[in-house]
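K.L.:
Chains A and S, in that order, are what the protein sequence lines are.
Per this note's numbering, the first sequence starts with residue 1, numbered consecutively.
Per this note's numbering, the second sequence starts with residue 1001, numbered consecutively.
Keep in mind that the hints are not guaranteed to be accurate.
[What the hints assert, rightly or not] Here are some of the chain A residues that sit facing chain S, going by a computed Cβ distance under 7 Å: (1) T32; (2) T39; (3) M56.
Honestly, the hints are just simulated from the structure, not real lab data.
From the three backbone atoms N, C-alpha and C, an ideal C-beta is built for every residue, glycine too.
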Amino acid sequence: MLIPAVLEQSFTSFVRETEPQLRAALVAHFGTERGREATAEALAYGWEHWERIRSMQNPAGYLYRVGQHTGFRKPRRTVFPDVPHHSDPIVEPGLPRAMARLSSRQRSAVVLVHCFDWTPVEVAELLNVSVSTVRNHLDRGMKRLRATLGGVS
Amino acid sequence: MQDLERDLAHYGAVLRDRAPAVGLDEVETRLARPPTGHRPVRSAVAGALVALASIGLIFVGGLLVDLLGTAPTGHRPSAPLAGGASTGPAVMAIVVGSGALAVLAGAAAVGLKHHRKAQKPIRIAKTRERRKKKMRTMEKPVAPVEKLERNNRYLIIGLVVAVLLAAGFGAWLIVDNTRTGIEADIVALLDDYGAAWEANDGTAARALMTEDGAVLAGNGVTYSGDALRSTIDTMGDFTVEPVGDLVIYEGVTGWHVASPDERGMELFNIVEQDGTMLIRFHETWRGGS
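Kindly produce the complete structure, drawing on both the sequences and the hints.
P.N.:
Written as structure tokens, this is what we have:
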């Protein structure tokens, strides 16, 4: 059995490494506010069960699933923040609403790849799906966004 | 024409800005948060929804019974004259049983949900104690066992509400059965009355009427007393047969009963004297007669 200090240290380093990824993935899934809450809940769960989770192959992927379930327990609309007025460079104002209308998987793929600069391989690893599946979600999501936004290429 | 991918990349900066990093202090706060089992408002709303669903079930049951033509509800068309009242109690029992089960299941679900939520901190506490972790949040006291007892109150309240509703169902069933009994009495009286007319038995027909009982015939003449008896005796081939659905209305002067059909209608005023149902007035009206 590991002494608590070692456990705490390993969890702290895990949080430092994984939190940005986990937060990005859950923000892509739920929107900013709810995604951030889900991240904190998932990490709290992670600490409570750290001895078991730390031995998993993909603890971040597991906590992503935990965060998803945590977010679903508090059903609210997926809300992305509005584009700031006078943003520089100019961003299409209808983008947040159009993103919220995508399916959760399409949105995850689009936001993680294009907003957070993830590679499809990284997304596939987190979502526990194949890379081609991620590319499909990405293509369909982008097509749907273009169709919703009309004039945007 | 703007570039969507470029827009998304710029919007990523907005997302990063609006969703800052989650620190360990936030994680600790969530670990130290009190259990979420004690939510009186949510419990009250859930209980109210269960009660409303039960009431809705009662209404649906009532409508169902009416559609099947078995509920004599005073001012609406009710059972056909022959054999209509026999299926009422069975349907009612199914509806009442389903309603009671739904209420009990809802109350049990609400109670169990809170019970599980209340147990969560205890489970966590046991795990923490076993592993002897020394994280700061672990040293904070966990929710006491009384919390579980307090949450059990909702299960008890739910069960009390369920029992009260079941009692209400029972009372409703009794009242409804009473009404069914009155309708059965009226149907039996009219059957006997019709049989007396068919047998040209004026004495028997008069025995089913009050002392001042009268019949307004289709020709506009009112018969009563001995004149009525002799009229029935000598009427020849004539029947009183309420063939349409009975409409029964309970008024201040007894029950007003109508039996309309495509040819016309029979109207009766029926009163109860010394525990016996008697016809006080009978009018027959046929189109063209």
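K.L.:
Evaluate each hint against the coordinates.
P.N.:
Hints versus structure:
1. T32: For T32 (chain A), the interface hint holds, since the closest Cβ of chain S sits about 4 Å away, which is under 7 Å.
2. T39: This interface hint holds because 5 Å falls under the 7 Å limit.
3. M56: Because about 18 Å separates M56 (chain A) from the closest Cβ in chain S, which is outside the 7 Å limit, the hint is violated.
Checked against the numbered hints listed earlier, the structure breaks hint 3 alone; every other hint is satisfied.
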